[in-house]
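Chemist: Listed below are the residues making up each chain.
Number of protein chains: 2
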Amino acid sequence: MAEYKLHCFAQSGNAYKVALYLTTTGADWDALFVDFFKGGHRSEGFTKQNEMAEVPVLEHGAETFSQSGVILDYLTETTGQYGAKTDRDRREILRWLLWDNHKLTANLATGRFMANFLPEDKRNPDVTNFLIGRAKAACHVLENRLAKRDWIVGGTPTIADFSCIGYMYYEDEIPIDFAKFPAIQAWKGRMAELPNWAHPYDMMPGHPLS
Amino acid sequence: MAEYKLHCFAQSGNAYKVALYLTTTGADWDALFVDFFKGGHRSEGFTKQNEMAEVPVLEHGAETFSQSGVILDYLTETTGQYGAKTDRDRREILRWLLWDNHKLTANLATGRFMANFLPEDKRNPDVTNFLIGRAKAACHVLENRLAKRDWIVGGTPTIADFSCIGYMYYEDEIPIDFAKFPAIQAWKGRMAELPNWAHPYDMMPGHPLS
Numbered sequence: 001m002a003e004y005k006l007h008c009f010a011q012s013g014n015a016y017k018v019a020l021y022l023t024t025t026g027a028d029w030d031a032l033f034v035d036f037f038k039g040g041h042r043s044e045g046f047t048k049q050n051e052m053a054e055v056p057v058l059e060h061g062a063e064t065f066s067q068s069g070v071i072l073d074y075l076t077e078t079t080g081q082y083g084a085k086t087d088r089d090r091r092e093i094l095r096w097l098l099w100d101n102h103k104l105t106a107n108l109a110t111g112r113f114m115a116n117f118l119p120e121d122k123r124n125p126d127v128t129n130f131l132i133g134r135a136k137a138a139c140h141v142l143e144n145r146l147a148k149r150d151w152i153v154g155g156t157p158t159i160a161d162f163s164c165i166g167y168m169y170y171e172d173e174i175p176i177d178f179a180k181f182p183a184i185q186a187w188k189g190r191m192a193e194l195p196n197w198a199h200p201y202d203m204m205p206g207h208p209l210s
Numbered sequence: 001m002a003e004y005k006l007h008c009f010a011q012s013g014n015a016y017k018v019a020l021y022l023t024t025t026g027a028d029w030d031a032l033f034v035d036f037f038k039g040g041h042r043s044e045g046f047t048k049q050n051e052m053a054e055v056p057v058l059e060h061g062a063e064t065f066s067q068s069g070v071i072l073d074y075l076t077e078t079t080g081q082y083g084a085k086t087d088r089d090r091r092e093i094l095r096w097l098l099w100d101n102h103k104l105t106a107n108l109a110t111g112r113f114m115a116n117f118l119p120e121d122k123r124n125p126d127v128t129n130f131l132i133g134r135a136k137a138a139c140h141v142l143e144n145r146l147a148k149r150d151w152i153v154g155g156t157p158t159i160a161d162f163s164c165i166g167y168m169y170y171e172d173e174i175p176i177d178f179a180k181f182p183a184i185q186a187w188k189g190r191m192a193e194l195p196n197w198a199h200p201y202d203m204m205p206g207h208p209l210s
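Residue numbers (the numbering used here), protein chains in the order written: chain E, 1 to 210; chain Y, 1 to 210.
Here chain E stands alone, though its shape is the one from the complex (with noise of 0.2 Å):
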């Protein structure tokens, strides 16, 4: 038995920054398949595990671990990799895993679901353009922020980055034009350099198509 399993689907970018990160740094691990889009996030057995009734949720021997944020910590400290060397460095990690969870992933994800996987007669483009608008916004502050840096937080990757790239691989299935985002353009571009790197839809199970 592989020493991590991860609850997983290969549409989840939230599950996407924790499959990277284990793959990246050669762990022992297995997917196990949360069947969402037919609600198996809110089935008892899930909840069980977590109440928030979201993927990822990762298990390491007795310990089980939800929100991605908090495991991308934990396995800072199993795995010595991409974790802050500094105080200040992991305050400022979590600045940003906080802030991906406000306002990039919140409106990114929830924006290609609504553009993407509700069934079209659900869809509403009021509400997927807002998300969309809001995202936006936040890819500019991360477009800044990324036009006089390689890294999110310090001069190498760490769980910052993880966080941020999430939903960005994705890019077919949201409706923002990236190429006026050069610099996440870049950046993407040396996360995919990274060890094992594979798109999300080939580390996670799932796909329709697969």
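Treat each hint with caution, since some may be false.
No copy is singled out in the list; a pair is fine if it fits within one copy or between any two copies.
[Stated by the list, open to error] Calculated cross-link-like contacts (lysine-lysine; reagent style DSS-like; alpha-carbon spacing at most 30 Å):
#1 K148 <-> K122
#2 K122 <-> K5
#3 K188 <-> K122
#4 K5 <-> K188
#5 K85 <-> K180
#6 K85 <-> K5
#7 K188 <-> K48
#8 K180 <-> K48
#9 K148 <-> K48
Since the hints were derived computationally from the structure, they do not count as laboratory data.
Given chain E's structure and the hints, the job is docking chain Y onto it.
Modeler: Relative to the frame of chain E, chain Y by itself:
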């Protein structure tokens, strides 16, 4: 000059998370008004301190912090109050801080803004209803959590409570029937018994009626 300087405005629940903490712990702090409704958070002077263009910002000596979760975590170190007693609690607090930012505050604050502060001709009921629907879903998660316990993590108040309470006292401005969330209402009552508790409109500058 006060020891802590908090850049804030009365309508900001994110700033209130910190203002309430500073007040309750008896810290020596001054409020510096950010005129959000005139774009003060986007001014050059402000974004030089916080490229995320968000309130709150805390100044303490030569240090400047942004993101309420980072600030609260920092203050547990400087004041020794409302922090984690164990490593497990530290992660559990972080889990709820992240969830608050992603699911609770992101929807509650934005839904309230759309319903109250946006000029009437720019309001879109579909967008407001969508956000309030997601805020309600988050309130159900919190309600279930608090149905079994007095505080979000452990047996005493922590910064997880200060974070999740951020927008809860603006209830008159949020189209949610909070009577349907009795555990949340009881918890708000317990928080309101903390030393020197006050409503955000009585704690921070800029309320239109003041």
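Chemist: Please flag the earlier hints that this structure goes against, numbers listed from lowest up.
Modeler: Numbers 1, 2, 3 and 5 - these are the hints that the structure violates, sorted from lowest upward.
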